[in-house]
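Visitor: This is what each chain is made of:
2 protein chains.
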Amino acid sequence: MIQIKRLSSTNAGFDETLAKLLAFESAQDAKVSATVSDILADIKKRGDEALLEYTRRFDRLKAASALELELPQSRLQQALQSLPADQRNALENAAQRVRAYHQKQLAQSWSYVEPDGTLLGQKVTPLDRVGLYVPGGKASYPSSVLMNAIPAKAAGVSELIMVTPASNGETNDLVLAAAAICEVDRVFTIGGAQAVGALAYGTQAVPQVDKIVGPGNAYVAAAKRSVFGIVGIDMLAGPSEILVICDGRTNPDWIAMDLFSQAEHDEMAQAILLSPDARFIEEVAASIARQLEAMPRKAVIRASLENRAALIQVRDLDEACAIANRIAPEHLELSVEQPEKWVEKIRHAGAIFLGRYTSEALGDYCAGPNHVLPTSRTARFSSPLGVYDFQKRSSIIQVSEQGSAKLGEIASILAHGEGLQAHAMSAEYRYKKTITSSDA
Amino acid sequence: MIQIKRLSSTNAGFDETLAKLLAFESAQDAKVSATVSDILADIKKRGDEALLEYTRRFDRLKAASALELELPQSRLQQALQSLPADQRNALENAAQRVRAYHQKQLAQSWSYVEPDGTLLGQKVTPLDRVGLYVPGGKASYPSSVLMNAIPAKAAGVSELIMVTPASNGETNDLVLAAAAICEVDRVFTIGGAQAVGALAYGTQAVPQVDKIVGPGNAYVAAAKRSVFGIVGIDMLAGPSEILVICDGRTNPDWIAMDLFSQAEHDEMAQAILLSPDARFIEEVAASIARQLEAMPRKAVIRASLENRAALIQVRDLDEACAIANRIAPEHLELSVEQPEKWVEKIRHAGAIFLGRYTSEALGDYCAGPNHVLPTSRTARFSSPLGVYDFQKRSSIIQVSEQGSAKLGEIASILAHGEGLQAHAMSAEYRYKKTITSSDA
Numbered sequence: 000m001i002q003i004k005r006l007s008s009t010n011a012g013f014d015e016t017l018a019k020l021l022a023f024e025s026a027q028d029a030k031v032s033a034t035v036s037d038i039l040a041d042i043k044k045r046g047d048e049a050l051l052e053y054t055r056r057f058d059r060l061k062a063a064s065a066l067e068l069e070l071p072q073s074r075l076q077q078a079l080q081s082l083p084a085d086q087r088n089a090l091e092n093a094a095q096r097v098r099a100y101h102q103k104q105l106a107q108s109w110s111y112v113e114p115d116g117t118l119l120g121q122k123v124t125p126l127d128r129v130g131l132y133v134p135g136g137k138a139s140y141p142s143s144v145l146m147n148a149i150p151a152k153a154a155g156v157s158e159l160i161m162v163t164p165a166s167n168g169e170t171n172d173l174v175l176a177a178a179a180i181c182e183v184d185r186v187f188t189i190g191g192a193q194a195v196g197a198l199a200y201g202t203q204a205v206p207q208v209d210k211i212v213g214p215g216n217a218y219v220a221a222a223k224r225s226v227f228g229i230v231g232i233d234m235l236a237g238p239s240e241i242l243v244i245c246d247g248r249t250n251p252d253w254i255a256m257d258l259f260s261q262a263e264h265d266e267m268a269q270a271i272l273l274s275p276d277a278r279f280i281e282e283v284a285a286s287i288a289r290q291l292e293a294m295p296r297k298a299v300i301r302a303s304l305e306n307r308a309a310l311i312q313v314r315d316l317d318e319a320c321a322i323a324n325r326i327a328p329e330h331l332e333l334s335v336e337q338p339e340k341w342v343e344k345i346r347h348a349g350a351i352f353l354g355r356y357t358s359e360a361l362g363d364y365c366a367g368p369n370h371v372l373p374t375s376r377t378a379r380f381s382s383p384l385g386v387y388d389f390q391k392r393s394s395i396i397q398v399s400e401q402g403s404a405k406l407g408e409i410a411s412i413l414a415h416g417e418g419l420q421a422h423a424m425s426a427e428y429r430y431k432k433t434i435t436s437s438d439a
Numbered sequence: 000m001i002q003i004k005r006l007s008s009t010n011a012g013f014d015e016t017l018a019k020l021l022a023f024e025s026a027q028d029a030k031v032s033a034t035v036s037d038i039l040a041d042i043k044k045r046g047d048e049a050l051l052e053y054t055r056r057f058d059r060l061k062a063a064s065a066l067e068l069e070l071p072q073s074r075l076q077q078a079l080q081s082l083p084a085d086q087r088n089a090l091e092n093a094a095q096r097v098r099a100y101h102q103k104q105l106a107q108s109w110s111y112v113e114p115d116g117t118l119l120g121q122k123v124t125p126l127d128r129v130g131l132y133v134p135g136g137k138a139s140y141p142s143s144v145l146m147n148a149i150p151a152k153a154a155g156v157s158e159l160i161m162v163t164p165a166s167n168g169e170t171n172d173l174v175l176a177a178a179a180i181c182e183v184d185r186v187f188t189i190g191g192a193q194a195v196g197a198l199a200y201g202t203q204a205v206p207q208v209d210k211i212v213g214p215g216n217a218y219v220a221a222a223k224r225s226v227f228g229i230v231g232i233d234m235l236a237g238p239s240e241i242l243v244i245c246d247g248r249t250n251p252d253w254i255a256m257d258l259f260s261q262a263e264h265d266e267m268a269q270a271i272l273l274s275p276d277a278r279f280i281e282e283v284a285a286s287i288a289r290q291l292e293a294m295p296r297k298a299v300i301r302a303s304l305e306n307r308a309a310l311i312q313v314r315d316l317d318e319a320c321a322i323a324n325r326i327a328p329e330h331l332e333l334s335v336e337q338p339e340k341w342v343e344k345i346r347h348a349g350a351i352f353l354g355r356y357t358s359e360a361l362g363d364y365c366a367g368p369n370h371v372l373p374t375s376r377t378a379r380f381s382s383p384l385g386v387y388d389f390q391k392r393s394s395i396i397q398v399s400e401q402g403s404a405k406l407g408e409i410a411s412i413l414a415h416g417e418g419l420q421a422h423a424m425s426a427e428y429r430y431k432k433t434i435t436s437s438d439a
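As given, the protein sequences belong to chains X and W, one line each in that order. Numbered per numbering that gives the first Met the number 0, the first sequence spans residues 0 to 439. Numbered per numbering that gives the first Met the number 0, the second sequence spans residues 0 to 439.
Please note that a few of the clues may not be correct.
Sample of chain W residues facing chain X (criterion: CB under 8 Å; computed from the structure) [what the hints assert, rightly or not]:
| no. | residue |
| --- | --- |
| 1 | P141 |
| 2 | F259 |
| 3 | C365 |
Capping the alpha-carbon separation at 30 Å, the derived lysine-lysine pairs in BS3-like fashion look like this [claimed, not checked]:
| no. | chain 1 | residue 1 | chain 2 | residue 2 |
| --- | --- | --- | --- | --- |
| 4 | X | K122 | W | K152 |
| 5 | X | K43 | X | K61 |
| 6 | W | K30 | X | K44 |
Since the hints were made in silico from the structure, they are not lab data. We treat Cβ as the ideally placed atom computed from N, Cα and C, and that holds for glycine.
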């Protein structure tokens with residue numbers, strides 16, 4: 000038997016119990032930090048030489064020189080050609096859908112002119128060069144290549160550099176094929192903190208990038224946190240989460256499997272069901288028990304559900320939405336009648352899946368929106384990965400001669416109020432022409 | 000005499016010299032980190048009690064209880080009433096202009112429906128509650144209140160909490176008046192790492208926020224870095240920078256004063272001039288020497304210019320733009336003929352000031368765009384503070400029954416390819432109706 004927490008929102012102490020259930024501190028291991036900081040310093044100092052040494056040691060990769068760490072484009076094309084037709088079609092279809100969705104996120108520059116001729120605006124520019132980290136081994140997901148590379152390319156990033164470790168020289172054809180489909184510009188078979196360091200500082204073989212995105216293990220995450228500021232980074236992801244709100248009228252096997260689909264990621268993943276229907280909760284619990292044994296990843300699913308899952312009875316769907324806003328889940332399924340009515344009440348979630356036919360897995364692969372989403376309640380203040388993460392803005396200010404008098408007087412008063420006289424004078428020079436030593 | 004570096008882009012080793020000039024590492028002091036980490040842990044554990052103790056100790060504030068740490072709205076109104084008319088008008092005019100500009104940054108939710116009825120979109124939601132840190136003492140700037148509070152309010156943030164230390168009980172009327180103008184909801188006279196901790200964890204008196212913005216000293220910066228993930232934070236700012244590109248035809252006194260206006264911020268601020276005109280560079284140098292002695296903040300200006308400034312002769316304006324992109328400055332003045340032509344070549348800058356009449360100081364106070372800008376070359380990958388920092392997005396996915404078959408097949412193939420069978424089955428359940436134990 001599998002033991003899953005049962006809660007009810009009417010229980011005394013429910014708020015505290017829920018807070019405890021959600022608590023997750025991504026412990027920053029001091030030993031990991033120290034190792035990472037040594038590796039980064041070494042890459043910064045010795046470049047390719049250090050990169051080769053770490054790659055030989057950690058990935059047991061035989062490479063005579065740093066130049067051999069780069070895969071030629073022909074290798075990516077070869078991987079694409081080698082795929083079975085159904086896999087290739089699926090990848091290409093998914094890529095096309097993800098591209099179509101993300102193109103709608105493109106921000107445009109804008110400006111406006113005031114009556115006195117002063118022009119104000121915002122110029123939007125893509126990042127020049129982006130690094131994409133793709134983990135090796137079991138967590139090497141082609142879908143992750145699509146979700147990270149496509150928004151970058153849609154933004155107009157001119158050079159996308161992928162790094163992925165090749166333990167013992169082994170690469171993943173699905174990952175390389177995905178890179179080919181996304182038109183990744185260069186691929187290096189490097190990984191770990193040393194790959195993050197190479198991208199952040201640049202070496203002779205690996206060009207310096209402006210931002211590093213993509214998931215990774217504790218060493219990769221620590222390295223990204225450490226180089227933040229030298230380069231941009233995406234979010235530091237916690238374990239995956241799903242919250243299902245169900246009115247009790249979806250097939251319980253479907254809901255049980257949706258919970259499994261998060262739980263199978265890892266032992267710390269979190270799957271929670273909210274329903275006002277006590278009988279339905281029992282049906283889902285029974286379905287979980289019945290279906291679990293047949294799942295290939297049943298050990299991970301069991302551990303995850305026993306560690307962090309909960310089946311929660313709520314008063315009604317209104318209360319379910321209020322609790323969802325407190326949880327601010329990465330994935331939220333509204334498996335209810337008229338989901339478009341209930342979604343109005345949701346303020347905090349990474350992605351919202353409406354209706355009984357929208358399983359969360361569709362969003363992981365091919366619906367179109369990104370599967371890189373805020374975890375651990377960070378949906379309260381952050382967004383899915385998107386084109387906006389690969390564009391940035393510059394303010395545009397062109398003050399007319401007439402405008403410089405009006406604005407200059409305001410600036411002068413405020414600058415004097417702050418004790419910044421050079422600020423005041425540089426504004427005054429533009430309109431108090433008498434002060435100037437010559438005409439401008 | 001003041002000694003400012005002179006460089007020429009034609010000199011041997013110019014690239015390395017420039018790289019060295021720009022290098023700025025914001026050292027993370029281990030002692031500061033340890034102190035901050037103790038304070039944060041203490042606030043988290045003991046809440047108001049700890050907050051009161053630290054505030055009494057560090058700010059010498061006499062408060063009988065944590066409730067006394069909050070200022071009533073009447074105190075803000077009183078500060079506003081007490082201002083001289085010109086200061087009040089200047090603040091209100093600036094606020095109105097900053098508001099008008101930022102309202103143009105508001106993102107809207109969007110969605111589209113595919114032929115099979117599947118709906119995809121993005122829902123934009125403001126953050127619920129934001130904390131705004133305003134430093135005390137000399138760096139207590141009312142303009143900073145406007146620049147941080149207005150985008151938050153424009154985004155629709157429902158509760159804006161300001162914290163500002165009141166050493167010995169002293170508050171700054173200009174700052175409180177700015178808070179009144181921006182309709183800040185609550186103000187607490189607390190500061191330092193303890194204020195950041197109170198906002199991040201919440202105490203009985205201080206509500207927990209979703210994001211913390213605003214400048215602060217090394218302790219505040221370290222505390223923000225540490226609580227990042229529990230709450231959102233804005234950027235961690237380095238010293239202020241200005242880069243002026245001039246064709247040699249702007250009044251040299253104006254340009255000298257523009258360089259002063261960054262230099263007067265602090266000894267580590269950076270002011271650089273690029274010009275193809277050697278004679279003009281000499282005129283600016285002479286103007287700097289001539290004007291410096293009259294500046295009230297001449298000691299700071301001198302230190303900053305001698306530490307980190309440079310007057311650089313370039314081959315032409317094309318090269319000047321290329322160098323500007325390498326520098327990726329916080330502020331860039333294009334003090335040239337036809338600046339609208341040259342701005343096309345600029346990819347990386349926080350704010351761009353076009354034309355001889357647009358002194359950078361106008362942007363600091365009242366032009367409209369934000370004065371919180373990316374420093375230390377981070378304009379390569381980040382943007383001015385804006386409304387977008389106070390809104391976040393949720394993906395919306397509503398797959399139709401018909402769509403669930405088409406998408407389900409793609410998802411199933413890709414999920415099996417990644418070894419995630421529960422993902423595959425949860426997609427398959429929606430279209431392989433025969434598997435289900437009952438109708439959904």
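Visitor: It remains to establish, for every hint, whether it holds in the given structure.
Guide: Against the structure, the hints:
no.	hint	result
1	P141	7 Å, holds
2	F259	4 Å, holds
3	C365	4 Å, holds
4	K122/X - K152/W	23 Å, holds
5	K43/X - K61/X	22 Å, holds
6	K30/W - K44/X	26 Å, holds
When held up to the earlier numbered hints, the structure conflicts with none and fits them all.
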